[in-house]
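Sequence order for the protein chains is A and B.
Counted the way my numbering counts, the first sequence spans residues 1 to 932.
Counted the way my numbering counts, the second sequence spans residues 933 to 1362.
Think of the hints as simulated: they come from the structure by calculation, not from any bench.
One or more of the hints may lead you astray.
[Unchecked claim] DSSO-like, lysine-lysine: derived pairs with alpha carbons at most 30 angstroms apart:
1. B:Lys1227 with A:Lys42
2. A:Lys34 with B:Lys1272
3. B:Lys1272 with A:Lys23
4. B:Lys1027 with A:Lys34
5. B:Lys943 with A:Lys34
6. B:Lys1034 with B:Lys1016
7. B:Lys1027 with B:Lys1062
8. B:Lys943 with A:Lys30
9. A:Lys30 with B:Lys1283
10. B:Lys1129 with B:Lys1283
11. B:Lys1268 with B:Lys1281
12. A:Lys25 with B:Lys1027
13. A:Lys728 with A:Lys711
14. B:Lys1270 with A:Lys30
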Amino acid sequence: MPAVRGDGMRGLAVFISDIRNCKSKEAEIKRINKELANIRSKFKGDKTLDGYQKKKYVCKLLFIFLLGHDIDFGQIEAVNLLSSNKYTEKQIGYLFISVLISGNSELIQLIVQSIKNDLASRNPVHVSLALQCIANIGSKDMAEAFGQEIPKLLVSGDTLDVVKQSAALCLLRLFRTDPSVIPSGEWTSRIVHLLNDQHMGVVTAAASLIDALVKKNPEEYKGCISLAVSRLSRIVTSSYTDFQDYTYYFVPAPWLSVKLLRLLQNYPPPEDPGVRGRLSECLETILNKAQEPPKSKKIQHSNAKNAVLFEAISLIIHNDSEPNLLVRACNQLGQFLSHRETNLRYLALESMCILATSEFSHEAVKKHQETVINALKTERDVSVRQRAVDLLYAMCDKSNAEEIVLEMLAYLETADYSIREEMVLKVAILAEKYATDYKWYVDVILNLIRLAGDYVSEEVWYRVIQIVINRDDVQGYAAKTVFEALQAQACHENMVKVGGYILGEFGNLIAGDARSSPAVQLQLLHSKFHLCSSMTRALLLSTYVKFVNLFPEIKSHVEEIFVADSNLRSADAELQQRASEYLALSKLTSLDVLATVLEEMPPFPEKESSGLLNLLKKKRPGRVIENPDRLDEHVKKEPRETNGTSGLTLASNTEQEGGSADLLGLGVPSAGNGNGPTTNGAGAVTNNIQKFYCKNNGVLYENDIIQIGVKTECRSNLARLALFYGNKTNHPFMNFQPNVSASPALSLAILLQVKQVDSTVEAGAQFQQMVNVECVNDFDEQPDLNLVYNYNGAPQTVNIKLPISINKFIEPTEMNGEAFFSRWKNLSLPAQESQKIFKAAHPMEATDSTKAKLIGYGFQLLENIDPNPDNYVCAGIIHTRSLQIGCLLRLEPNKQAQMYRLTTRSSVEAVSQHITSVLCETLNLPFNNQVE
Amino acid sequence: MIGGLFCYNHKGEVLISRVYRDDIGRNAVDAFRVNVIHARGQVRSPVTNIARTSYFHIKRSNLWLAAVTKQNVNATMVFEFLLKVVEVMQNYFGKISEENVKNNFVLIYELLDEIVDFGYPQNTDTGVLKTFITQQGVKSVTKEEQAAITSQVTGQIGWRREGIKYRRNELFLDVMEYVNLLMSPQGQVLSAHVAGKILMKSYLSGMPECKFGINDKIAMDSKGKPAEESKTKSAIAIDDCQFHQCVKLSKFESEHAISFIPPDGENELMRYRTTKDISLPFRVIPLVREVGRAKLEVKVVVKSNFKPSLLAQKIEIRIPTPLNTSGVQLICMKGKAKYKASENAIVWKIKRMGGMKESQISAEIELLTTDTKKKWTRPPISMNFEVPFAPSGFKVRYLKVFEPKLNYSDHDVIKWVRYIGRSGLYETRC
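Full structure from sequences and hints, please.
This is the structure:
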């Protein structure tokens, strides 16, 4: 037993061993209760406890807390410990406080005072403890209380290095909770100059801090670039003996190097040629070092070395300006591709994916194609194989497309199930993008369906049909190929779909051959008919009726099929309808009519297969490596006229099936927002401010180029709108300026606060802008959003209203019948009431939708209050800064007359009128647009 | 159809695992351990469904006993069976504990083989089981004896074998009742019921037929002399009752007569429950006064409410204390009182107390101020006791024994009847 009192804390050790020896949970709880009672009586007792005892009991409390029990006392004792001069006591006190003090405790003042004392202390250990505690609590209060002092500590000349180190990290923690703690102005350069500090620990800590600051405000901290570069070069060029304490397994200061390299990735390549040269030199040195034989066989040595190397390569890729470095990085990664270490192979593949998108290193990456394909085949780890697929996709271009697609197809057969769907999409995209010969394309896709039919999504086979229809030269080939493919014993349903469609359109092109005569075609297709789902059967029925037109000689066979009970009397309404309609069509109509109705499909509008790309993005949000668009309009698709012939087309048939109307709509930006035909430019597609009276989130505006979404959050008289701007094109928007303004009258009633945004919106990017609104008075207008930007050189403007109306500030109020009607009577002045009688546009039975609208508008729906159960009764309070406006509403339906009477009463005349008029219109909107 | 039966110790280690049906896989044992015994939050439901398998468990002194099935079984049956298993084991080797289970592995597996067949519970009567599952060495059984066992186990009266002989024919009856009460601080009864059981120990020769009479209201009414007797209040209303399998239920249904051929040795003959006209043996009157934030004064008076000639025993009153108690001073007139910090309660024990008496304890509780705003929930004061009468008013009216074949009559049998009233959950809010 240690004889010295103060270190052993025997009581604590005994207590802990008691707990550990407990046989059951109950026994443990009993022991804890006993101990708690003991501590309570000790704390309560009149005789004062000495520091050792306090420390011991506080420790026990901590231990009990860590076992999962609530501790609601002992804080005072812990705070008392803070004023002790002994390190152990102070430490336990701080530990207890950082674990157990809740933010709103009354003791926080006391604690803050103690921490202040310690911060001012001469003893560096005390200062460090205090800093640690601040960082551990890290609350807003702490940020406010010490936001001033810590920066001073950080840059002051006579602070010890260890303390500075803690101060930097503490400041970083506070900065993350409250970004306003960092003072600006003169402090900036002083903080940045910490990178020049003698002590490596301080530099490492400061690098983290500066990295966070730079992310927030890159301009202000620009000065750090040159400092970081020179610091980096000093580390890189030194030998490992120079940094005694900061050398990790023969690598000088690896953490600091990584941090500095990360820091530099926040900025574009330095403009100053001197700095730039030095940076390149550093990066080159790092690459050189990678070639040197390892100084140690330990895994830590190579880990540290590679960490620096990979970060350097990231920086090289980020800068994307030095072809020489890029190529060297690529070669370095190439070596890793066949490294023993799985993690290294993974990282190498991942980095290479990015390298492949750079114009300088694309060629260099291509050199490793063999290795990558090999990795795909032999790699054991599925996540690495996935990366290999990504890389193949990224490095693919015109020259190697055929080979890569072939390899991927070959691999698909044995590929892991989790990556198959993605691979299928990638193959489809690559095949289309780099197809010089559409015969090849058709072959690839059909192979795809054959190999991995289950993973071929609708979009893929839609696309192949579109392309075949649009291109005369492959139609015959396609027909022949699908015919051959269908002859396989078991073929996938998707294959039947494609086959059915193509033969229906172009079966005549191969009908000359006796082996594929019309009758054979029909028989072949029909042999698959019974194995297919009803959707495919419906498609096949359409094919058959097309055969009637193409090959009159087999008309009777086709009619036989239609007449068959399984079709004409099918349980599936769709099949039945098709069978009977097609039967009638073929029996009754003349050849002319038949020919017109069943004419060949008109070409589809030419589109990139953006549908597929979108699909790919949806599958792997956030990390899709683009296949760079560096070529070459290798295929100029000559557009054919696309005026739709009025006729029965397969597409329109599919439309009847409801869900799958997308065959035509492939290229059209994701449907569902109720958009009509668009003109390129500012033609508003979706701009329905009406809808937003009853809902808070949704698409505010949409056309071909841009989509503006909105999300509203309201609390009492404050509202916050998040506007989401989405760039739907492949070009960035320049000079992007959203401008929110209110009319003079409106600006008196509401206060708008708009966050500034970047002036550039990258292609395909989405970002959000916050607008804070405070309601001062009631109002009945809506603020304007005036958006100006350049798209592809042409200026665009969008003028819309922001969906902020007085009802967003309604708080639903629950009340009973008595309260409601007494208030209702109190508001009986004519000016307070507003009434409107209007005709119902929808069946009045749809009470749910009406209720949903009223609730969506912001009211509390009071049920079972009105004597007439059909009436809707609502109440709410509008919060403005100056006053609260009570609002009551009754909606009385008259079922005979199909009329509604809407009465609104509130203490402010304008409000009643506004609500009445808005609700009148809203209630007559079709419902399905209202609530999502 | 019980699929299997598992027994775990408190750590979740499997002590006994007996699978009766093929649909229960090996991983079923682990599933229960992972999802119930080692569950993060305490599992309170006795029935747990894990992956289409149902687990029914009970806990006995640190041991978990779980029955598992894939079928839709009668849950009550399963629990009844589990309780029976516990009873049988207790009868064989006393207290159920990990130690005892480990020492009797062979015996337990033997028992489990016998009391369940392909998932269907069989004879769980200890008396019968003891005839062929013994803890001693096995004497070689003669053919006749073997046949006797078989015919007995499969026969009509499976619970008693023939040819029992005693020199003294004796019969012991214990009427055991548990009183449950919840009372408001003002003395209003919020809920009260009595759960009673009749334990019988019979040492009778031959195959005697017994008839048993109690002061049940319906039974007495049906006897045709309802007027006076039910008015004298000596009849009680039994809410529901259940009998040992030896009681002829058809006779009970038709004549309200309890007649049976008793099993040999100790058995539970009947269970019943009453809710009306309960005479509460004790009344607890709490007085709690909060003196500022740091002090609490508690005074509790206990009054006994039965005939002065009777004597209650083993009285224990448990007064919960707030969670921030830092010290307690106690003064009591009778018995011994102690503050038990580990249970957050004051425990006051009185060895004996006569009827129509009262006693009092006063406590000063010092509190430590804490930063929680949670108020103390004031759990109820609970009480334990034992009294020598039946609080429900239950009376044994007669017990007659007929043995036509042997030469002893009802008068020759020595009969003993004893009434014991105990506390169940006997609580008073404060």
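Hint check results:
1. B:Lys1227 with A:Lys42: Holds, at about 16 angstroms.
2. A:Lys34 with B:Lys1272: Holds, at roughly 8 angstroms.
3. B:Lys1272 with A:Lys23: holds, 20 angstroms
4. B:Lys1027 with A:Lys34: OK: B:Lys1027 and A:Lys34 at ~29 angstroms, within 30 angstroms.
5. B:Lys943 with A:Lys34: This hinted pair holds, its Cα atoms lying about 24 angstroms apart.
6. B:Lys1034 with B:Lys1016: It holds: about 19 angstroms lies between the C-alpha atoms, which stays within 30 angstroms.
7. B:Lys1027 with B:Lys1062: Within the cut-off at roughly 18 angstroms; holds.
8. B:Lys943 with A:Lys30: holds, 18 angstroms
9. A:Lys30 with B:Lys1283: Judged against 30 angstroms, a Cα distance of about 25 angstroms means the pair holds.
10. B:Lys1129 with B:Lys1283: Given that 30 angstroms is the threshold and the Cα spacing comes to 25 angstroms, the pair holds.
11. B:Lys1268 with B:Lys1281: holds, 5 angstroms
12. A:Lys25 with B:Lys1027: holds, 21 angstroms
13. A:Lys728 with A:Lys711: holds, 19 angstroms
14. B:Lys1270 with A:Lys30: Cα-Cα ~16 angstroms, so holds.
This entry satisfies every hint, going by the numbered hints stated previously.
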